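With the sequences and hints as input, model every part of the structure.
Residues per chain, in single letters:
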Amino acid sequence: MPGDSYVIKAEDLRVWFPLTKGLLASLLSRQRRFVHAVDGVSFEIREGETFCLAGESGCGKSTTGRTLVRLTPPENIMSGRVLFRPSRKLFEEVAPRLPSHAIPEEGVVDVYAVPEKLFKPLRRELQIIFQDPFGSLNPRLRVRDILEEPLIVHNIGSTPEERLERIVKVLETVKLTPPDEFLDRYPHQLSGGQRQRVAIARALILNPRFMVSDEPVSMLDVSIRAEVLEILDQLRRQFNMAQLFITHDLALARYVCDRIAIMYVGKIVEMGPTDEVISNPLHPYTRALMAAIPEPDPENRKRLRELKIKGEVTSAVDIPPGCRFRPRCVAYDENEWVRSRCETQEPPLIDMGRGHSVACWLYAKK
Amino acid sequence: MALLGERFREVEEIFTEVKGQLMGKIGIGLILFFVVVSLYSLVAVPRNFPDLWNNVKYWEKYPKTVPPSWVSYFGVPVAPFVDVVLNNGTTQLYLQPKQVAGVTLFGVVQTFSFNYTLPADAFPQGVLVYARNVTNATLRTPMGVVKPQDITVIAYVFLHRPDGLVLLLNSPNPMTLADLATVKSPIRFSDKTVGLQLVEYYNKRGVNMTQTYAQNNAARLAFGEYDPDTHEIKPLKGTYTIEVVFTYLARNVDPRLLVRAINAGTIGVQSVEGVVQGNAYGLMGTDDKGRDLYEALLYAFPIELLIGFVAAVLNVIIGVVVGVVSGYYGGWVDEVIQRTIDIISNIPVLPILVLIGAALQREGVSGWGMLWVIILFLVILGWGYLALVVRSMTLSIKSEPYIDAAKAIGASNARIILRHVLPQIIPYAMAALVFNVPGAILTEAGLSVLGIRHNLPTWGTVLALARDYISSGGGNYNIWWWILPPGLLMGLMSVAFVFLGLAMETVVEPRLKRM
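Taken in order, these protein sequences are the chains called X and H. Take the first sequence: its letter number 179 is residue 178 in numbering that gives the first Met the number 0, and every next letter is one higher. Take the second sequence: its letter number 107 is residue 106 in numbering that gives the first Met the number 0, and every next letter is one higher.
Since the hints were derived computationally from the structure, they do not count as laboratory data. None of these values were measured; they are calculated from a predicted model. Treat each hint with caution, since some may be false.
Calculated from the model, a selection of chain H residues having no Cβ within reach of chain X, i.e. all distances over 12 Å [claimed, not checked]: (1) Glu12; (2) Ala154; (3) Arg187; (4) Asp228; (5) Pro254; (6) Thr265; (7) Leu354; (8) Trp371; (9) Ile396; (10) Glu399; (11) Ile402; (12) Ala405; (13) Lys406; (14) Ala407; (15) Ile408; (16) Arg418.
Distance condition first, Cα-Cα at most 16 Å in a straight line; then the derived EDC-like pairs of lysine to aspartate or glutamate [said to hold, decoys possible]: (17) H:Lys203 <-> H:Asp178; (18) H:Lys406 <-> X:Glu115; (19) X:Lys116 <-> X:Glu92; (20) H:Lys60 <-> H:Asp82; (21) X:Lys8 <-> X:Glu55; (22) X:Lys119 <-> H:Asp403.
Each residue gets a CB set at the ideal place from its N, CA and C atoms; glycine is no exception.
Written out as structure tokens, the structure is:
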């Protein structure tokens, strides 16, 4: 069951990447332009909870995930912070060496306030699985080398035998059995599902408290998705891990997540318990996404879908004033009374009760 | 250690891949040949060879600008090169004066002789004789003490021709035994002496010959016959005997006693080296100073490999390190490195090296010092291209998800570079290393030909000397034995490394792999 206190928390997080310009262009104009990959995102994930980030590609969900585990260069964090509550043991290990501003409250660490050199031990409890199981394993290393690396980096296990013991154990956990058969294989000798399980094992071997799963099954064959998802779910229950699950597939999100947040061009537009959001979508964008889910009923296959969205994804560089979804919004066209606000003011997240909130002027008090 | 093991696996992988290809086999075979010959050279050629090479006196006895002796197997008439050491002198007391080729021999006469067979229609270049072992002890006799300074020696070299004519080849010059013992220079063939005798000989037979003509063609006339009808000199085949005669003259000594002392070896000339300079020599012929090209080329084998490998290895090390740092760290480090590469890769290598070489020559730097400076500049100006390629490889590797994964588990930059980046660059770096080796060798040779001389006998030096010889006007273009071998060796060495490099490229670029 999800605990009360959060494990990780994003507070008004903004991640901007500068657009690189030619030498001449940067001499001529002082103004720097940015890709607003993440543009003011706040959420928290509790112990044992799986939190989904959904949205179309390019909306900043992967960047958010990477930022939570400090894979984004600190200079790209424009504002906001990431707070992480490590295990008691790890906190006591790192806290004495950290500057006071990196510990905003007892037991919590401000991820980007920790100096780079002191961050390494925290990585043990902040892990990530990537989308591409073919790219995320070095093709030149054997499974045993891949899994041994985290142990060597963090000085876990003093002898090779001790480390091997842990490797065997984690391979069993991700159901790569018998482990002996997999130890000396190279990634190219494994199937996609097996590779992804090695990647999971690599993240797991350090006993993380929080794990980002960045579209972990979207590149796998449908037939092996369930297997990998089941392993992830079992691990969450077994280790009471907090998980950020990134996906563009709402059907999948419904199956995996406790809570869900829908992102559009760097912002969360709707957030709440998964069932609540999916059965009762409020934001026009969420509704459009829901309508795009294919229905398994063969009766419907010839029925033309009514598109609840128009136009193309807004550029993350030139964000329109007011609501960023406005240029694509069907509700904006239909409801004249709301237009003036849409055009001028960015909608805040409005609490709709039962933990469900939405960023749309349609639901604001008039 | 685990990190090191990784490197070795890469190298092993490359080796197995290369061995499986014809080009790789040829390359490895040729390189093995060069390495084995280099090792042989280290054993066989004395390490002070550069000193000998620049010592003109040392090469005096060898024929000048002659092809290798094996040309005889291809039907080229060859007068062989003969170099004998004679220890079997006989000393006699001539009580009656004896006339040989107009010379009167009388008193104590010591004779050494050897035969020379001229098998083909060719002329030797000349005859040289050295008094090699002269005992210049003080002789104690019942009549008193005889010092080497008191004994006068005259040396004669006679050539007994197959047709019975006997010629005196040198201009006799009395000297003391003490002088003879210390003077290292040979008893030389004298054009004037020989010419005078020949004019007399031919005039007696009614053949008209001027003194100038006889002197200018003395060596050829000595071993040939003049045909008054065609005005040509034809070689005289057959067996010649060369007789080296020393007469000893000393006051206050019983000549018999002197003869006994000389025969006993207590005084006088003990051994003589006789040389007939043929018109062909050794395995690879000689240059215009009589220097043995075989020895020079052999001596150069390890030097060439050293130049190539030192320059290539340094280039590759610098290129890889700089490239990886530039690509991996990016930012202003990258910017500085990229602009530096822009600058050095736009410096023209050859003109700069010619300039530096000229300055070194002016300052009197030569030999190894100059060679190292040349290598140093080849390295300084040479690593840029590789660094660019390695940088772009690093950039693409850096964007691989497994690098992010490594960062996520907390791996340090050093660890990521050593374990995830470098292993993928190593195969390419090895191929670049192999491709770089001939470049350095050829540049060094090019510099020699352009006049930057370090005076070490390298293939480039040999080739450069051939160029000098031709352009000085003295020589012909037909000195093939002088031009071809260094050229071929350089070509062969380039081919060896290029083949190996091409074979290695299939490891770097698997798309090139043939089924």
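Okay, the hints, checked on the actual structure:
1. Glu12: 10 Å, violated
2. Ala154: About 78 Å separates Ala154 (chain H) from the closest Cβ of chain X, which puts it past 12 Å; holds.
3. Arg187: About 72 Å separates Arg187 (chain H) from the closest Cβ of chain X, which puts it past 12 Å; holds.
4. Asp228: 85 Å, holds
5. Pro254: Pro254 (chain H) is indeed farther than 12 Å from all Cβ atoms of chain X, at 92 Å.
6. Thr265: 81 Å, holds
7. Leu354: 33 Å, holds
8. Trp371: 38 Å, holds
9. Ile396: For Ile396 (chain H), whose nearest Cβ neighbour in chain X is about 10 Å away, the distance does not exceed 12 Å, so it is violated.
10. Glu399: At about 6 Å from chain X, Glu399 (chain H) fails to clear the 12 Å cut-off, so the statement is violated.
11. Ile402: 9 Å, violated
12. Ala405: 7 Å, violated
13. Lys406: Check fails; 6 Å does not lie beyond 12 Å.
14. Ala407: Given that some Cβ of chain X is not farther than 12 Å from that of Ala407 (chain H), nearest at about 5 Å, it is violated.
15. Ile408: 4 Å, violated
16. Arg418: 7 Å, violated
17. H:Lys203 <-> H:Asp178: Distance ~38 Å between Lys203 (chain H) and Asp178 (chain H) Cα, so the pair is violated.
18. H:Lys406 <-> X:Glu115: Holds, at about 12 Å.
19. X:Lys116 <-> X:Glu92: 15 Å, holds
20. H:Lys60 <-> H:Asp82: 9 Å, holds
21. X:Lys8 <-> X:Glu55: 23 Å, violated
22. X:Lys119 <-> H:Asp403: 14 Å, holds
The structure fails hints 1, 9, 10, 11, 12, 13, 14, 15, 16, 17 and 21 (numbered hints given earlier, in ascending order).
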